[in-house]
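**Student:** Whole structure, please, built from the sequences with the hints as guidance.
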Amino acid sequence: MSSTTPNGSAAGSTPPPAGPVGPVSTESVPIKAIRLRHPWRIVFAVVLIAIFALIAVDAAFRPAYDWPAVGKYLFDRRISQAAVVTIQLTVFSMVIAIVLGVLLAVMRLSPNPVFKSIAWFYLWVFRGTPVYVQLTIWGLISLIYTSIDIGIPFMDPWVSFQTQAALNTFTLAIIGLALNEAAYMAEIVRAGLLSVDRGQEEASTALGMSWVQTMTRVILPQSMRVIIPPTGNEVISMLKTTSLVTAVPFSFELFTRSRDISAETFNPIPLLIVASIWYLFFTSILMVGQYFLEKRFARGVGDRQVDKKDPGTATGVITGVVPVPGAGQPTAVGPPPAGDPPINPGSGGAR
Amino acid sequence: MSDMKMPETASRADVPMVLSEQVSKSFGSNEVLKSISLEVKRGEVMCLVGPSGSGKSTFLRCINHLEVLSAGRLSVDGELIGFRETHGKLYEMAPKEASKQRRDIGMVFQRFNLFPHMTALQNVMEAPIRVKGLPKAQVEQNARDLLARVGLAERADYYPAHLSGGQQQRVAIARALAMEPKLMLFDEPTSALDPELVGEVLDVMKGLAKSGMTMIVVTHEMGFAKEVADSLVFMDGGVVVEAGDPEQVLTNPQHARTQAFLSKVL
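As you go down the protein sequences, you meet chains A and B in turn.
Throughout the first sequence, residue numbering follows the working numbering, covering 1 to 351 in sequence.
Throughout the second sequence, residue numbering follows the working numbering, covering 1001 to 1266 in sequence.
Everything labelled a hint here was simulated from the structure, so no lab data went into it.
Computed from a prediction, not measured in an experiment: that's the story for all the values here.
Zero decoy hints are in this set.
What the simulated footprint calls covered on chain B by chain A, stretch by stretch (three residues with Cβ under 8 Å from a Cβ of chain A suffice, anywhere in the stretch; the number is not a length):
no.: 1; region: 1096–1103
no.: 2; region: 1106–1116
no.: 3; region: 1124–1131
no.: 4; region: 1175–1183
With the C-beta cut set under 8 Å, the calculated list includes, among others, these residues of chain A facing chain B:
no.: 5; residue: Thr205
no.: 6; residue: Gly208
no.: 7; residue: Met209
no.: 8; residue: Trp211
no.: 9; residue: Gln213
no.: 10; residue: Gln222
Note that the Cβ used here is the ideal one computed from N, Cα and C, for glycine as well.
**Tutor:** Given below as structure tokens:
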């Protein structure tokens, strides 16, 4: 009874001990202790609730907020149309930004010094100047370049069109937002690409795969786990940044539209509340979406099947998965995988 | 012209698989390899041993051009690695040409480096499909055969994270073999494994050696070296200290440095 030597080879003669060395045949007694009290938390919470309640009651009856006007304009046709435009601006510019961002990140990490320099210069310019200034410049682009000519320099252009006619303010707003965002997306994608273990690139190079194949087949798919969560963040951020396109000036999105309406009614506060409610509504939806995306991509690369297949045999005949850093899990900058990878199933294989 | 070709093809079997002539490699001012001259014949198994930092792995990586030589010449199967020689001048190879050379040289890494987002089968199939452009059905059949050969036929659809280290390394060997290389490089293939898993990987490698594959193995497994290797090279500080018959070098090392090293590992 006391000679419970942890010896695997002796398992044939004596039944293996069920637990660690200690008194046998006594069940462990659950701890019954009085929980630690936190009286100050309760006090603090009560005070806070009281303050908030006072503010809320005060706000409800304060005439400046003009709640009836909020209710009236919340589903005003012009406002809901502006909300749609805001979504359009967000989606279009994010899609362009992501594509361009991936391209820039890959260029920045490419062995080609020309590509590297171009990407670096792009980032330097677009990250180094305020987006408001960029949007203003895009708005003035038709003053700088009155016409856009495509062709060989110093010869008659093949195609030529007037900038002002070709690019309306909506297009300019999307261009301005997308090109600025691309610089930030490039950094996110770059972090994702760098998070993939270097051995992966070596392995595919050693197999004779080209650099492009290595990127698209091996590195990019593995970096998605790190890229997706901050990209969700950027979408939320972009939704709010659309309020700056008034600089172009494009005036059909949520914020500028509500400002324009309030300019007529001389009652700006309820319309600001209306705009805020819409922004909050959209960001809340995006936050929910991001939660699920993160959950999906935070799973360990190989873990997606562990619960479908029987986990007992997943480790194979030889019980034990050797945790090799970088072999199974790429060293991630992002959040840790939700389902922890098996650290040492050899001892804890039977859950 | 045709007369000239005849003797060349006849002597092809005499061309060593790997010929290293005064190969040196520096990282900045740090000279990792100092004038390494070695020859590996067709079907030969050579084991490289030595303390860490002795340049074994770097030398191995030079052979498939993962590292670029600083000096000397290195050729595989009579073909200069990483450079083209025309009229006595060396031209750096384009990445395309270099990867064409790498196709014929399989490499197995210490940390397996399997693609974690692909199953064992997909890992083995990836390069033949993408690099060689072979039809999928044929590649899959070949890949399943290879997995069976390394004893992992039933694990084909498992992701690397669900395989033991030994199993992962055997998949990695199958992945390298899928390109039908003429030379296999092993960079400490068992160093990252639990001791009880080393045997299964060495068994696969022994089988491979028996089948006539030319292999260069960087290893600390002296038992394996003794049993399988045709030649053993002891490296230290970037130079070849001693080389020869494994039995000879291991039991009766001539050099003091070899003796000191072996007394610690044996």
